[in-house]
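Peer 1: For reference, the chains in residue letters:
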Amino acid sequence: MMNNRFFGMTFKGVFRRKTRSVLTILSIVVGIMLVTALLMVANGLNTQFQQLSGGSGADFVVIENSSDLSASRVNASVGNDLENMDGISWVSGMVISTANIGDRPFAYVMGVELDERSIGQFHIVEGKTLQSGDAGKVIIGRIMATQEGLKIGDTLTVKDRSFEVIGIYETGVSTEDGGVVVPLSEAQSLFDLGDQVSMLQVKVENLDQVDEIQTQIENQYPQLLALKDSEVASQQEDLQLISGISSLIALIAIFVGSIVVMNTMIMSVMERTREIGVLRAIGWKRRKILSLILKESFTISILGGTIGIILGIVLVNVLNDLAKISLNLPVTLDLVVGVFLITIILGILGGFYPAWRASKMSPMEALSRE
Amino acid sequence: MFLKTVNVKKHFGEVKAVDGVSLEIEKGEFVSIMGPSGSGKTTLLTLLGTLDSLTSGDIIIDDEDLSSIRDVDTFRSKKIGFIFQFHNLIGYLTALENVELPLHGLMPIDKRRAKASELLDLVGLKNRMHHIPSQLSGGERQRVAIARSLVNDPLLVLADEPTGELDSSTTQEIMDLMKKINQEKNTTFLVVTHDPEVAKRTERIIVLRDGEISREELVKSASIEDIMTLKNSTLGHQLLQKESTDPYLEKLGLFREGKLTREGELLISLFDKVEDL
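If you read the sequences in order, they're chains A and B. Number 287 in my numbering belongs to position 287 of the first sequence; there are no gaps in the numbering. Take any residue in the second sequence, note its place counting from 1, add 1000, and you have its number in my numbering.
Because the hints were derived from the structure by calculation, they are not lab data. Fair warning: there could be bad hints in the mix.
Stated by the list, open to error - Reference excerpt, derived from the structure (chain A facing chain B, CB under 7 Å, subset only):
1) 12
2) 239
3) 275
4) 278
5) 281
6) 283
7) 285
8) 360
9) 363
10) 364
11) 367
Virtual Cβ for every residue (Gly too), placed ideally from N, Cα, C.
So here's chain A without its partners, still in its complex pose:
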């Protein structure tokens, strides 16, 4: 028998009509699951962009003022010019693109200069790193190696060109660890870039001057953007779209969810006119009735929300594995609290009106004759 000490009466009230309550909870589960999944993807993408300058120690990156990082083109000559600018310590060009490698449709292919600080951000855990003149050679990320079953000495095909695997690296950024690194010149030729790069990593001599130098670069080259890690994500239209969609879905989930809860609770309250009348007649105050019904709607939404969050996390991880996207998908406290907040808002919105109606019911209903 269920313990009546805490939520006993509420639970029994909710599951008085089992099918209806389960269906209501299910609809909330679906909504919250979608919200959780989308927020996690948006978070994951955000995090990924924030790690662009990675372990190189660069202070900011310079990209083209275009819609998308993958479409960004910066002339290598700009890099040379920047290197001579006052206050800049060093500049390193980098190509970032995606290609189909093995089972992975959107594996990262990164072209990196072969000096120590640039290639050095890819910490070798097995084999050796790329060196000047290493044509036709590649180092691969740990996730790529594991998932594709690649070892040192194996051959890898990128865009119809064969590369020999000479090392395996690990950076901790899952998209990087799911990709490959080739010398910058090889990448430029693979993707027909000529002497262009996707972005320049820039290190300044004095951190106090970062903002000033960023502004100076943007003034001098109006077609370019100089962005710190944290600013990159906000410049990405795709990312904004995904964030926008997840916010929209969250709003729709709150809206639809609260209507579903409201519908269920209104039906429940109407069916229990006599019950509520009896409770009033035996001395229950209006606010006690209000809290009884609110507790029930909270129970429905929180049950649905909890299951939805769990299933959303599972769903995203399963899809991530199936599609081999290797997005970092941390379950953050912010996310869980945020989604829970949505659930609670949904419970209040859906429960308040029925609860208010219940509290207005007359105790005389207890004596009605029908």
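We have chain A; now place chain B onto it with these hints.
Peer 2: Just chain B now, with coordinates in the frame of chain A:
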């Protein structure tokens, strides 16, 4: 006086549901209210139970004027118990949980539990505490409802057709139970009923008609009823005629040579006394 109403009126627009009822009920009395449907019985009960407000008049219960009470919910939860026609138990709660409902928020759960099971014991349902209403018979459900009405130790129990849904033997059983509680706890009972058999088991009958008290009578006990029956029998007829040729009545000494004796006279005076009650 424990309960007193003075010229109580309740009008719903043109309809005068209760129209000037004045009555007095002593502590511990067991009173029934009868009357045809629409006579205002249930409305009067809702007024006494603080479920509805008066159009005019005064109701005083336990020295408190109802019109001056701000928080009628609390007053009701402390002083009044209700028994309804359709037991009105909550279907998804057990007998025990139903009985403890009036105590929610008034005392901690352990005390609530103890009190509720004590009352279920009193109404003879100790073994049925964890059953839900659909697992109980009609009589058992009404017993649970009685236990619920008593759990807050009310001074006044208002019962609205408490036996309306029950067969005659169960009706007797429920009336016995209410009388027992009435005597043991000195709880005042006010029972609305249309069943004369139920009314006869109370101490006083108040008959309503068109919202007013049309008649009030004290209920005579069974022994008094027997004397009345005797009066209306052939024997009673002969005694009242003061003539009999029945040799057996001669042998009993009620008549001698066809004339009434002193013993016979005594019986007739008994009939007169009963008539005057």
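Peer 1: Each hint: holds or not?
Peer 2: Hints, one by one, checked against the model:
no.	hint	in the structure
1	12	holds, 5 Å
2	239	violated, 49 Å
3	275	holds, 5 Å
4	278	holds, 5 Å
5	281	holds, 5 Å
6	283	holds, 2 Å
7	285	holds, 5 Å
8	360	violated, 14 Å
9	363	holds, 5 Å
10	364	holds, 5 Å
11	367	holds, 6 Å
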